[in-house]
Amino acid sequence: MEEVDKIIIVSLRTIGCDIEDEIASLKEFSTELIVSSAVQCIKTILKQDVDLPNTLPGGMSARFRMGTGLANYIQELGYKGEIGYQTFLYSNESEIRKVFMFLVDRLPKDTVETTEEPMGSSALLQRAIASTVLRQMNSPWISPNLKKDSITWRGKPPMWQREGSCAMCNYHASKMKFPSGTGDLTKKVPKELKSYYCECLPYITNQTRNHKDTAPSILEEIASEISAQLEWENEWNSQGLASRLSEQEYKAKKRQRIQKRLAETLRQDFKRSQEASSSRSAQDLQQVLDKMGSRTSAGKTKGSRFTHTEQLVFAKDEVVSQIGTEAEKPHTEEELQKKREEEVLGLKEELESLSSKLDQLDLEVKKYSAGVKQMEEEITTQTRQNVEKEENYKVKKRTLDLLPDAENNIAKLQGIVDSSAQKLVTLANQWEKHRVPLIEQYRELKELNSKKESEAEKKLEEIKVFRQKMKEVADDARSKEEMLKHLNAEYNSMNKDEKRSGYTKRMMEIMSSIKKQRAGIDKVLTDTKSIQKEINSLSGKLDRTFTVTDELIFRDAKRDESVKKAYRYLAALHESCEQLVQTVADTGVIMREIRELEDQIENESKNKVLSNLEKITSDYQQMKKENQSMVEKIKHKS
Amino acid sequence: MANYKEEGLQSLKKLDVKAVTKLLHGLVDNVCKRGHLHYQDYDQTWSLEEWFDLVEAVEGLIKAAIREPLNKDQIYQRLGSLPQEYQSVFMEVINARRSDIHQQLVTDTNLISKSTLKDFDWQIKLAMASDKLSSIQEPLLNLDLDVQNEATTEIHSLELTREDLKNLISSLEGANRAVQQWKT
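Chains A and B supply the protein sequences, listed in that same order.
Numbering of the first sequence is given in the UniProt record's numbering, commencing with residue 1 and proceeding in unit increments.
Numbering of the second sequence is given in the UniProt record's numbering, commencing with residue 1 and proceeding in unit increments.
For the record, the hints were derived by calculation from the structure and aren't laboratory data.
Wrong hints could be hidden among the right ones.
[Said to hold, decoys possible] Capping the alpha-carbon separation at 16 Å, the derived lysine to aspartate or glutamate pairs in EDC-like fashion look like this:
| # | chain 1 | residue 1 | chain 2 | residue 2 |
| --- | --- | --- | --- | --- |
| 1 | A | LYS177 | B | ASP121 |
| 2 | A | LYS191 | B | ASP43 |
| 3 | A | LYS80 | A | ASP49 |
| 4 | B | LYS18 | A | GLU28 |
| 5 | A | LYS541 | A | GLU578 |
| 6 | A | LYS212 | B | ASP121 |
| 7 | A | LYS175 | B | ASP100 |
| 8 | A | LYS194 | B | ASP121 |
| 9 | A | LYS27 | A | ASP105 |
| 10 | B | LYS118 | A | GLU221 |
| 11 | B | LYS183 | A | GLU233 |
| 12 | A | LYS27 | A | GLU2 |
| 13 | B | LYS72 | A | GLU192 |
| 14 | B | LYS22 | A | ASP599 |
| 15 | A | LYS6 | A | GLU32 |
| 16 | A | LYS27 | A | GLU3 |
| 17 | A | LYS98 | A | GLU3 |
| 18 | B | LYS114 | A | ASP269 |
| 19 | B | LYS118 | A | GLU235 |
| 20 | B | LYS183 | A | GLU192 |
| 21 | B | LYS22 | A | GLU192 |
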């Protein structure tokens, strides 16, 4: 019966009855629950609202009416068993079970029927694709300007669907501007910025050129902010903390470092490019020269008209210049040559003499500069000596001044020396006095410092550990959440799965057990049949032997007195044996009757007659009271 | 040169202070390449020529104010004989948008470097079948790369299979690692 109860409860839950999780069988159903689930069942079966309240009303007569109404509805649905208000109000388990089995059987199939067996996600995807393609192929073509954003409402059953790709747009992000620094109320936003934010900053939806870019832009903005934050946190955890700088200091240092590096690379690149360009320019020059050379040497190769004209012009020029030179200088070439050579020689000599002079002069300059240096050195040594001598002179002069009154002065000097020595001693003492506490303080401070440092280190370590832990815990929580989601999904899919396959499994089991039981019953039946047969044959045998012996002894009994006695005994024996058999059969019958009665008692006790009776009497009393109060009311009114 | 600039700035006086604030913010947006001011909104006030002069003068001043950078007195000097309230509006706008303009100038300067990836978009497609094979079931990635090359953006569209995508991602990861190394 438990199986049936479970099935009933699960189906009731699926149609939306509020059954608590602890309830596992129909025995635990309260009257209210029975009534509300029955009403829910009727509503789902008839697919319309029924004029029955979902909860049991307070008044007794109303309850009675409701129970009768429920019973009527169920009878209209075709329930053949006995049913009335008492079935619900004074429930007994088996009747309720029968009623619910009937109702659950009558429930519309699609609500109870579960989805098909779960499949792999790829198979599901393919099925979905196939069905969508099929649907789209079956539906007629519609002009794109009849659909808004290529979304239509059609198909069988009709549903929203996207057709075609003309309304798709790029995921294109652009920069957004929004007020920053407003989260921290303690910091004041500058006045100009505030007025800008209030008056002139366009709304975020107006900031992008294309309205479709708004959502991607916002997503992108937030994503980049998050990733920057994450990266910073990572870096701060791994390196920033260890450097023991404040955030700003760390950032400034990093910025400096990167700038330095950038500048260095830029400088190197610049140098390299400069070198390259200079070598290139040199090459260019070479090329140009080569070109020039080739042009003059290869003047006779065929060229374009341009080169020809160029050559012509050049040639003319040369001719003209030659003419000019010939006109100016009428001397012979040899004279000219000689003159030139002479000139060159003269110039060369001059150059040599000049360069030798220059060298001499250079040497002299060097000598003089060396002399100047020496002199300068001498001057410095002299001045130093001078100073020394002056000092010596001063001391000597003083001593000489003191000489006339030598003794007195010596005594005075002695006194001065003594006093200064004493002063020195006192100063030393004082110094010592000052020094000791200072040194102690210094030592203390040093210790304190080292302690603090070690503490700071410890704390840093702790912070690191905590951060690690924090991260671990966060990761853990995240993974657990994920797992929860996963398990939930699994659970959901399993539930559906379990319903159908579990039922079929149980049904098969029940069938097999029924088969077994039937086989057992058949066995017992054949046993009883064979026993019956034996009994019959035995009783027939007994009858026959008895008649034969009876005849034999009866024949002999006429002759012998003792045989007569034996005959009487035989008769008595037969009779008492028959009686015995009869009694045994009677006992069997009685036993069976007893068993039947016991069963009946059990059934009756299941019906909770006593408690129901009590309930009925109390309800009856209540009804009586209600009636009385009504009568009184009527009387009052009249 | 200076003369017509001056004239451009002087023509601001045709609007009241509030409208000027709005206009200046619009021009800053123009400089930052966000949104666009339309001449149609102001064609009652200025002729097209005046409008061009005005836009050029104001944008030049805005850029110069951040680039040089100019202090308050220098800006006032450049504004010339504009009335006091207009000058203060100018100052306010420049102060409010200082970071934006600075960012834009840096970006403009960055454009001299080689092309950079600005944005990307992707779509995943499932090839179901072809003319030779009845069932392929191969996912394909359509990747659009918006590459900024000097002042223009080009879109490079790629179609990648699973292996191509893996290669691309690994090379991008290598690049990222190089950048990270640079940073630390």
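Structure-based check of all given hints:
{"no.": "1", "hint": "LYS177/A / ASP121/B", "result": "22 Å, violated"}
{"no.": "2", "hint": "LYS191/A / ASP43/B", "result": "31 Å, violated"}
{"no.": "3", "hint": "LYS80/A / ASP49/A", "result": "24 Å, violated"}
{"no.": "4", "hint": "LYS18/B / GLU28/A", "result": "78 Å, violated"}
{"no.": "5", "hint": "LYS541/A / GLU578/A", "result": "14 Å, holds"}
{"no.": "6", "hint": "LYS212/A / ASP121/B", "result": "14 Å, holds"}
{"no.": "7", "hint": "LYS175/A / ASP100/B", "result": "11 Å, holds"}
{"no.": "8", "hint": "LYS194/A / ASP121/B", "result": "36 Å, violated"}
{"no.": "9", "hint": "LYS27/A / ASP105/A", "result": "20 Å, violated"}
{"no.": "10", "hint": "LYS118/B / GLU221/A", "result": "14 Å, holds"}
{"no.": "11", "hint": "LYS183/B / GLU233/A", "result": "15 Å, holds"}
{"no.": "12", "hint": "LYS27/A / GLU2/A", "result": "10 Å, holds"}
{"no.": "13", "hint": "LYS72/B / GLU192/A", "result": "15 Å, holds"}
{"no.": "14", "hint": "LYS22/B / ASP599/A", "result": "97 Å, violated"}
{"no.": "15", "hint": "LYS6/A / GLU32/A", "result": "19 Å, violated"}
{"no.": "16", "hint": "LYS27/A / GLU3/A", "result": "13 Å, holds"}
{"no.": "17", "hint": "LYS98/A / GLU3/A", "result": "14 Å, holds"}
{"no.": "18", "hint": "LYS114/B / ASP269/A", "result": "14 Å, holds"}
{"no.": "19", "hint": "LYS118/B / GLU235/A", "result": "25 Å, violated"}
{"no.": "20", "hint": "LYS183/B / GLU192/A", "result": "35 Å, violated"}
{"no.": "21", "hint": "LYS22/B / GLU192/A", "result": "13 Å, holds"}
Hint compliance for this structure: hints 1, 2, 3, 4, 8, 9, 14, 15, 19, 20 are broken, all remaining hints hold.
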